[in-house]
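Enquirer: Chains A and B, in that order, give the protein sequences.
Going by this note's numbering, the first residue of the first sequence is number 1, and it counts up by one from there.
Going by this note's numbering, the first residue of the second sequence is number 1001, and it counts up by one from there.
Hints are not guaranteed to be accurate.
Which bits of chain B does chain A cover? Going by a derived footprint, with three or more residues having C-beta under 8 Å, they are [said to hold, decoys possible]:
#: 1; stretch: 1146 to 1157
#: 2; stretch: 1191 to 1201
With a straight-line Cα cutoff of 30 Å, these simulated DSBU-like cross-link-like pairs (lysine-lysine) come out [to be verified]:
#: 3; chain 1: A; residue 1: 20; chain 2: B; residue 2: 1243
#: 4; chain 1: A; residue 1: 9; chain 2: B; residue 2: 1074
#: 5; chain 1: A; residue 1: 9; chain 2: B; residue 2: 1105
#: 6; chain 1: B; residue 1: 1091; chain 2: A; residue 2: 9
#: 7; chain 1: B; residue 1: 1105; chain 2: B; residue 2: 1074
#: 8; chain 1: B; residue 1: 1065; chain 2: A; residue 2: 9
#: 9; chain 1: B; residue 1: 1174; chain 2: B; residue 2: 1164
#: 10; chain 1: B; residue 1: 1243; chain 2: A; residue 2: 9
#: 11; chain 1: B; residue 1: 1074; chain 2: B; residue 2: 1047
#: 12; chain 1: B; residue 1: 1174; chain 2: A; residue 2: 12
#: 13; chain 1: B; residue 1: 1074; chain 2: A; residue 2: 80
#: 14; chain 1: A; residue 1: 84; chain 2: A; residue 2: 67
#: 15; chain 1: B; residue 1: 1047; chain 2: A; residue 2: 80
#: 16; chain 1: B; residue 1: 1047; chain 2: A; residue 2: 12
#: 17; chain 1: A; residue 1: 84; chain 2: B; residue 2: 1047
#: 18; chain 1: B; residue 1: 1239; chain 2: B; residue 2: 1110
#: 19; chain 1: B; residue 1: 1065; chain 2: B; residue 2: 1047
#: 20; chain 1: A; residue 1: 69; chain 2: A; residue 2: 80
#: 21; chain 1: A; residue 1: 20; chain 2: A; residue 2: 84
#: 22; chain 1: A; residue 1: 12; chain 2: B; residue 2: 1164
#: 23; chain 1: B; residue 1: 1174; chain 2: A; residue 2: 9
According to the in silico footprint, chain B covers these stretches of chain A (three or more CB under 8 Å from chain B) [said to hold, decoys possible]:
#: 24; stretch: 17 to 26
#: 25; stretch: 61 to 72
#: 26; stretch: 82 to 92
#: 27; stretch: 95 to 105
It should be emphasised that the hints constitute simulated quantities derived from the structure, not laboratory data.
Quick caveat: nothing in here was measured; it's all calculated off a predicted structure.
Yeah, the Cβ is synthetic: ideal placement off N, Cα and C, and Gly gets one too.
Take a look at the letters that make up each chain.
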Amino acid sequence: MSYRFTDLKSSKSGSFNNNKLLRIQDSTMLTAGLSAGILQLQSFAGFGMFFAVYILVNLIFIAWFCKFKPSLYFTNPVHKIWVKNLFRELAGFVMTWTLAFTLVR
Amino acid sequence: MLPQSVLSFWETIRTGNEGPELLLDPNLKLWALIPISIVMILVGVAKQCIMVLVSPKSKTVPRVKLTEILYIAKARALMGNSSNLSTESFKMRQEYLAQVLADGKYLAIKPAKDEKTAMENPFTSPGMTDAMTSMALGNLVNYIPQTVIMWWVNYFFAGFVLMKLPFPLTIRFKQMLQSSVRTDDLDVRWVSSMSWYIISMGGLTPVYNVLFGGNRLSKLNVSAQQQQLSQSPGGPNPKDQMKALANDITVFQHISVLDNIEDRVLKLYS
Chain A
1 MSYRFTDLKS SKSGSFNNNK LLRIQDSTML TAGLSAGILQ LQSFAGFGMF FAVYILVNLI
61 FIAWFCKFKP SLYFTNPVHK IWVKNLFREL AGFVMTWTLA FTLVR
Chain B
1001 MLPQSVLSFW ETIRTGNEGP ELLLDPNLKL WALIPISIVM ILVGVAKQCI MVLVSPKSKT
1061 VPRVKLTEIL YIAKARALMG NSSNLSTESF KMRQEYLAQV LADGKYLAIK PAKDEKTAME
1121 NPFTSPGMTD AMTSMALGNL VNYIPQTVIM WWVNYFFAGF VLMKLPFPLT IRFKQMLQSS
1181 VRTDDLDVRW VSSMSWYIIS MGGLTPVYNV LFGGNRLSKL NVSAQQQQLS QSPGGPNPKD
1241 QMKALANDIT VFQHISVLDN IEDRVLKLYS
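Can you make the complete structure from the sequences, with help from the hints?
Expert: Have a look at this one:
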């Protein structure tokens, strides 16, 4: 017996969830960039910090906000949480990293 | 022994292999780095405000058009969620929708007797031109400040090394990031103010989102959705869409979750 539901996802809630995720990722990665600059990390250490913080933040997001069930809140959670914003956050991280690195030196 | 090697390894990772150090005037930060950053953030704020002003205020869709769109959506929803209906109620809806859609009762533009299915020119319908003007203005708002800031940075902040990047780059970037600093063998990590412009152009999007995210952006999104609802140029003709949906609904194989429900419940509790 197969029963399905279609068109039941509210687009309003979906964009609310996306905005929430984006805001958390943005603020944490910008702060991480600032701290990497203040710590005077260079090259691989800085990018390593980026990936470490990115993974940590996403795991905390999945555990805390999604209660370990991200598929309830996102369609295609792997793409939405891990891949989609990666380069945007990387650019923001590099910017604040460079800024803090230069200001502190 | 081990901690020492670990420490030295950490030190090489941390610092990389650096070339000779340059001593930069600390006033460069005050008079080049910070002004460029402030100007870029303020331009972003102004851009957002202009986008909000330019975006179409409230899109209105004629009622007949809305009815048409919603009937098509209703047919799709019925087929998608059919298994949650009992057989009788599905039959009822199936007959009604098939008839209504086949007749084209809720078409926004009733077909004339001798119509030639004239393709509607998207440039003549008023809603479409509105959307196009706002789109063009949005593009202008995006591109003009970029060009202006680039010229400004190039004109006023050229000719010196502004900062050291925290990560090494390949020699290819020398042309772009060390423009106006004419040296043959300076390490690419020492860059001019143009590269700070490039870096912050990429990285400011999250900053804008953190500074004033949420309500304004979502407002823009809503208007975009309404536009989608109201017009889809080049999309399939609603009349043909309704015909196809009527066919689909008529031949639809309906399986209900409520089939044999009594037996299953009895089995569950027996």
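Enquirer: For each hint, tell me whether it holds in the structure or not.
Expert: Outcome of the hint check:
1. 1146 to 1157: violated (count 0)
2. 1191 to 1201: Holds, because 3 residues of the stretch 1191 to 1201 of chain B bring their Cβ atoms closer than 8 Å to Cβ atoms of chain A.
3. 20(A) with 1243(B): Distance ~41 Å between residue 20(A) and residue 1243(B) Cα, so the pair is violated.
4. 9(A) with 1074(B): Answer holds: residue 9(A) to residue 1074(B) is near 15 Å, not above 30 Å.
5. 9(A) with 1105(B): holds, 29 Å
6. 1091(B) with 9(A): Distance ~26 Å between residue 1091(B) and residue 9(A) Cα, so the pair holds.
7. 1105(B) with 1074(B): holds, 14 Å
8. 1065(B) with 9(A): holds, 23 Å
9. 1174(B) with 1164(B): Distance of about 13 Å is within 30 Å: holds.
10. 1243(B) with 9(A): It holds: about 27 Å lies between the C-alpha atoms, which stays within 30 Å.
11. 1074(B) with 1047(B): violated, 40 Å
12. 1174(B) with 12(A): Violated. Residue 1174(B) to residue 12(A) sits at ~46 Å, over the 30 Å cutoff.
13. 1074(B) with 80(A): holds, 29 Å
14. 84(A) with 67(A): holds, 21 Å
15. 1047(B) with 80(A): Holds - the C-alpha atoms of residue 80(A) and residue 1047(B) are around 27 Å apart, at most 30 Å.
16. 1047(B) with 12(A): holds, 25 Å
17. 84(A) with 1047(B): holds, 24 Å
18. 1239(B) with 1110(B): holds, 9 Å
19. 1065(B) with 1047(B): violated, 34 Å
20. 69(A) with 80(A): holds, 14 Å
21. 20(A) with 84(A): OK: residue 20(A) and residue 84(A) at ~14 Å, within 30 Å.
22. 12(A) with 1164(B): violated, 44 Å
23. 1174(B) with 9(A): violated, 49 Å
24. 17 to 26: holds (count 5)
25. 61 to 72: violated (count 0)
26. 82 to 92: Our answer is that it holds, as 4 residues pass the Cβ test (under 8 Å) against chain B, meeting three.
27. 95 to 105: holds (count 9)
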